[in-house]
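Visitor: Chain by chain, the residues:
Number of protein chains: 2
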Amino acid sequence: MGKSEGFIPLNFTEYSPDEMQQKAHEFYQTIKRRRTVREFSDRPIPEGVIENCIKAAGTAPNGANKQPWHFVVVKDPEIKHKIRIAAEEEEQEFYNRRAPDDWLEDLEPFGTDEHKPFLEKAPCLIGIFAQPYHLDEHGKKEKHYYVKESVGIATGMLITALHQSGLATLTHTPSPMGFLNKIMKRPSHEKAFLLLVVGYPKQGTEVPDIAKKSLSEITTFL
Amino acid sequence: MGKSEGFIPLNFTEYSPDEMQQKAHEFYQTIKRRRTVREFSDRPIPEGVIENCIKAAGTAPNGANKQPWHFVVVKDPEIKHKIRIAAEEEEQEFYNRRAPDDWLEDLEPFGTDEHKPFLEKAPCLIGIFAQPYHLDEHGKKEKHYYVKESVGIATGMLITALHQSGLATLTHTPSPMGFLNKIMKRPSHEKAFLLLVVGYPKQGTEVPDIAKKSLSEITTFL
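These protein sequence lines are chains A and B, in that order. Position 2, counted from 1, in the first sequence is what my numbering calls 2; the numbers after and before it change by one each time, with no gaps. Position 214, counted from 1, in the second sequence is what my numbering calls 214; the numbers after and before it change by one each time, with no gaps.
Check each hint, because a few of them may be wrong.
One copy or two, either will do: identical chains are not told apart, so a pair holds if it fits within one copy or between any two.
Said to hold, decoys possible - Calculated lysine to any residue pairs in the SDA-like style (CA-CA distance at most 20 Å, straight line):
1) Lys182 / Pro77
2) Lys148 / Lys213
3) Lys23 / Ile8
4) Lys202 / Leu10
5) Lys202 / Gly111
6) Lys213 / Thr30
7) Lys212 / Gly6
8) Lys212 / Pro9
9) Lys121 / Asn96
10) Lys191 / Val147
11) Lys202 / Ser41
12) Lys148 / Ser175
Just so you know, the hints here were simulated from the structure itself, not pulled from any lab data. Quantities reported herein were computed from a predicted structural model and do not represent experimental measurements.
Starting from the given sequences, assemble the full structure and let the hints guide the process.
Guide: Put into structure tokens, the structure is as follows:
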């Protein structure tokens, strides 16, 4: 390792083995309560919560520290309305024309359709954009690396942060998502990764009774 | 929403606004201590920690609940050795031939090169594979959706879980990663997403003194 002046000591907190086991267990118990929610209350989100969650996402490991992401937080009712209208247009096409039958069949357990009232009802939408490159002030391209991987990891941290803070989310992927660039005023070279709907769940909301695969199904130990 | 029998009440814990603000703040403070580490101790990881972290990753939201991921946990020294040899071959090519100059320049602050001793020294490697489709017992393809997004989110949750449990990680992307399918015995249609190196950091290890963008650089509020 060719260490140079630009290195600093790692700030690392070591736990005892018991504490580590306890923490891993607790994290799993907490995160497994997270469910994608499709019905939201319109109650506002306490000040500063979204901000800290996005800052948490921004700490994600990423290719060559380029941090190839941008988050657009929408609380304005008119902009939410525009997003709903545009998303429902795409989704109408998707559910009625573009989606192959087996895809629609796979979506049945979720009770989803082209109506997306949550895009207006929820207090906050977060558009997540991936930046394949950065344009400097002279219009010169600066390449980014492992963009989708980096943005995916940051999104995982964002969803975790929101859940840990007591908020419900919906990972929404209107197909295609190009309209988000226009409404959210992002440059055309950025690619919408997904639209996160954030808020309190509606009282009494229900979620699909679906199961997760077991540890042995998703893991091989060598 | 066409709710059917297959729905259950959401198990949701509501916090007070003060608690939410506190939790968002604490999560950010904890996760911002996470740094990618390149020097590991060979101390073993306490029993059960990796397992709970992978279970946490397996709760990630994903396209139509297909859970299009597989994790391969390697602790066997011989297999780690094989992975190191194969990764170093690819990386030798990358650093000396394939990588364009500006990519190498972008990597300079990290002091990385084609030598990857951590792949043997660290007690645990986790290969993360994305499954574009599932092959059923009759060899019939069952399509998966939003595969890279889903696996990226699950990886973000895995890295978070490991950090919260007191482990250091390195998100390693040998380029290309096809050799991992062979050594980790995964079918050829699965795609290696990244290789996570996991363990205690070496005592006294240092990390590059690099900065994260500010909230206002990565976020637009509408």
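Visitor: Decide, hint by hint, whether the structure agrees.
Guide: Do the hints match the structure? See the list:
1. In this assembly of identical chains, Lys182 and Pro77 lie within 20 Å of each other by CA distance solely inside one copy; the values are 17 Å within and 52 Å between copies.
2. Taking the shortest alpha-carbon separations for Lys148 and Lys213, only the inter-copy value of 18 Å comes in at or below 20 Å, while the best intra-copy value is 25 Å.
3. In this homomeric assembly, Lys23 and Ile8 never come within 20 Å of each other (Cα to Cα): the closest approach is 27 Å inside a single copy and 28 Å across copies.
4. For a Cα distance limit of 20 Å, the shortest separation of Lys202 from Leu10 across copies, 10 Å, qualifies, whereas the shortest one inside one copy, 43 Å, does not.
5. Taking CA atoms no more than 20 Å apart as the test, Lys202 paired with Gly111 passes inside one copy only; the shortest distance there is 16 Å, against 50 Å between copies.
6. When the C-alpha separation of Lys213 and Thr30 is checked against a cutoff of 20 Å, the pair qualifies only within one copy, where the shortest distance is 18 Å, while the shortest distance between copies is 29 Å.
7. Taking the shortest Cα distances, Lys212 and Gly6 sit within 20 Å of each other only across copies (15 Å), while inside one copy they are farther apart (44 Å).
8. In this homomeric assembly, Lys212 and Pro9 come within 20 Å of each other (Cα to Cα) only across copies, at 17 Å, whereas the closest approach inside a single copy is 40 Å.
9. Taking the closest pair of Cα atoms, Lys121 and Asn96 never come within 20 Å of each other, the shortest separation being 24 Å inside a single copy and 54 Å across copies.
10. In this assembly of identical chains, Lys191 and Val147 lie within 20 Å of each other by CA distance both inside one copy and across copies; the values are 10 Å within and 16 Å between.
11. In this assembly of identical chains, Lys202 and Ser41 lie within 20 Å of each other by CA distance solely inside one copy; the values are 4 Å within and 48 Å between copies.
12. In this homomeric assembly, Lys148 and Ser175 come within 20 Å of each other (Cα to Cα) both inside a single copy, at 17 Å, and across copies, at 15 Å.
Hints 3, 9 from the earlier list are contradicted by this structure; the remaining hints agree with it.
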